[in-house]
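With these hints in hand, go ahead and build the complete structure from the sequences.
So the protein lines, in turn, are chains A and B. Residue numbers 1 to 146, in the UniProt record's numbering, belong to the letters of the first sequence in order. Residue numbers 1 to 139, in the UniProt record's numbering, belong to the letters of the second sequence in order.
What the hints contain is simulated information worked out from the structure, not anything from laboratory work. Check before you lean on any hint, since a few could be wrong.
Stated by the list, open to error - Which bits of chain B does chain A cover? Going by a derived footprint, with three or more residues having C-beta under 8 Å, they are:
#: 1; region: 41-54
#: 2; region: 75-89
#: 3; region: 103-117
What the hints assert, rightly or not - Simulated pairs of lysine-lysine, DSS-like, Cα-Cα distance not exceeding 30 Å:
#: 4; chain 1: B; residue 1: Lys-113; chain 2: A; residue 2: Lys-114
#: 5; chain 1: A; residue 1: Lys-29; chain 2: A; residue 2: Lys-127
#: 6; chain 1: B; residue 1: Lys-131; chain 2: A; residue 2: Lys-46
#: 7; chain 1: A; residue 1: Lys-82; chain 2: B; residue 2: Lys-51
#: 8; chain 1: A; residue 1: Lys-66; chain 2: A; residue 2: Lys-82
#: 9; chain 1: A; residue 1: Lys-124; chain 2: A; residue 2: Lys-6
#: 10; chain 1: A; residue 1: Lys-94; chain 2: B; residue 2: Lys-113
#: 11; chain 1: A; residue 1: Lys-5; chain 2: B; residue 2: Lys-131
#: 12; chain 1: A; residue 1: Lys-124; chain 2: B; residue 2: Lys-102
#: 13; chain 1: A; residue 1: Lys-82; chain 2: B; residue 2: Lys-102
#: 14; chain 1: A; residue 1: Lys-25; chain 2: A; residue 2: Lys-66
#: 15; chain 1: B; residue 1: Lys-131; chain 2: A; residue 2: Lys-127
#: 16; chain 1: B; residue 1: Lys-102; chain 2: A; residue 2: Lys-94
#: 17; chain 1: A; residue 1: Lys-29; chain 2: B; residue 2: Lys-102
#: 18; chain 1: A; residue 1: Lys-66; chain 2: A; residue 2: Lys-11
#: 19; chain 1: A; residue 1: Lys-115; chain 2: B; residue 2: Lys-131
Glycine residues also receive a C-beta, built at the ideal position from the N, C-alpha and C atoms.
Residues per chain, in single letters:
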Amino acid sequence: MLIDKKHIGMKVPPHSVHLTAWQLKWFAKATGEANPIYFDEAAAHKAGLPGVLAPPTFCFCMDMDKEQPFDYLETMGCDFSKMLHAEQSFVYHKPIYSGDTLDFDGQITDIYDKKNGALQFVVKDVKVRRQGELVCELRTVIVIRA
Amino acid sequence: MTVPNFDALSVGDEIPSLTTEPVSRLTLALYATGSGDHHPLHLDQDYVRSKGMPDVFAHGMLGMAYLGRQLTQWVPQEAIRSFGVRFTAITQIGERMVCTGKVVEKLEQGGEKCVRLELTCANEQGEAKHKADAVVALA
Chain A
1 MLIDKKHIGM
11 KVPPHSVHLT
21 AWQLKWFAKA
31 TGEANPIYFD
41 EAAAHKAGLP
51 GVLAPPTFCF
61 CMDMDKEQPF
71 DYLETMGCDF
81 SKMLHAEQSF
91 VYHKPIYSGD
101 TLDFDGQITD
111 IYDKKNGALQ
121 FVVKDVKVRR
131 QGELVCELRT
141 VIVIRA
Chain B
1 MTVPNFDALS
11 VGDEIPSLTT
21 EPVSRLTLAL
31 YATGSGDHHP
41 LHLDQDYVRS
51 KGMPDVFAHG
61 MLGMAYLGRQ
71 LTQWVPQEAI
81 RSFGVRFTAI
91 TQIGERMVCT
101 GKVVEKLEQG
111 GEKCVRLELT
121 CANEQGEAKH
131 KADAVVALA
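Following this line, the structure appears as structure tokens:
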């Protein structure tokens, strides 16, 4: 069944995330990061940073940090077991640090299919703000296989 | 860390590569903690087998994080203007990831001298898992 294109323009329920150094420490450990500005608060302060620096892909993790990260797919009636992450991109405006509280404001901006509907794509664009200031933009493309 | 010089770079130049440790079950457990993504496809072999697949596999965003590390080993993170990836294949347990990249365009963007990079995260046999591009501002 094709996803109804009426969902293009749908707002995703907004959420906010407070970023802790604890989580960045585990992310650095998982990804083999050796530069202490990405996991050690004291080293980050020594480097003149206000907190531990969130690495380039970390905004995605915070965007997913909600009770139902794929609530928008549920609204569209998609089968979760057939979904895969197809593409992910970021546009950066300001660095993000531990201690920041960020607001995530997302919208479905496209729905299209390929191979006569065998692959359906849902595009979600998210603006991330800190106290009203735009810090990062994310685009997530999910593919749903027939 | 010094920012590479724009004039000294040419289209086709490679940036330093990054080779990871083999992806293990522990890597995926750590990534689940760090990322908050505890999807059973990456952690629970019983669940994965019940879905007809042989074994757990890596989070796609782990590979993108490796590509991000490759970038931030080359330039300070604040130089990265944009970064995007297409996930083209699944990364299996035991695979070591090799991240490579090259300059494909020199451009001015927003009044800044930038290079566009094409990046690939592949296994040691050269099977591409993720294809990415990034725009980086240079001095």
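message = With the threshold set at 30 Å, check whether the alpha-carbon distance from Lys-5/A to Lys-131/B stays at or below it.
response = Distance ~28 Å between Lys-5/A and Lys-131/B Cα, so the pair holds.
ask   = Taking only the CA atoms, is the gap from Lys-131/B to Lys-46/A under or equal to 30 Å?
value = violated, 35 Å
request  = State whether the coverage of the region 41-54 of chain B by chain A holds or is violated, taking the criterion as 3 or more residues with Cβ-Cβ distances under 8 Å.
outcome  = Not satisfied, violated; 1 residues make the cut.
message = What's the verdict on Lys-115/A and Lys-131/B, does the C-alpha distance respect the 30 Å limit or exceed it?
response = holds, 21 Å
key: Proposed proximity, Lys-82/A with Lys-66/A (alpha carbon, max 30 Å)   = Since the Cα atoms of Lys-66/A and Lys-82/A sit roughly 21 Å apart, the hinted pair holds (cutoff 30 Å).
key: Straight-line alpha-carbon gap Lys-94/A to Lys-113/B, limit 30 Å   = Status holds; Cα separation ~18 Å.
query = When you check the alpha-carbon spacing of Lys-113/B and Lys-114/A, does it fall within 30 Å?
reply = Violated, because 37 Å separates the two Cα atoms, which is more than 30 Å.
ask   = Between Lys-124/A and Lys-102/B, is the straight-line Cα distance small enough, at 30 Å or below?
value = holds, 29 Å
query = If you draw a straight line from the CA of Lys-29/A to the CA of Lys-127/A, is it 30 Å or shorter?
reply = holds, 27 Å
Residues of the region 75-89 of chain B with Cβ under 8 Å from chain A, three needed, outcome = That given contact holds, which follows from 10 residues of the region 75-89 of chain B lying within Cβ reach (below 8 Å) of chain A.
query = For the pair supplied as a hint, Lys-25/A and Lys-66/A, is the alpha-carbon distance within the 30 Å limit?
reply = holds, 20 Å
inquiry  = Check whether the Cα positions of Lys-66/A and Lys-11/A lie no farther apart than 30 Å.
reply    = holds, 15 Å
Comparing the model with each earlier hint shows violations of hints 1, 3, 4, 6, 13; every other hint is respected.
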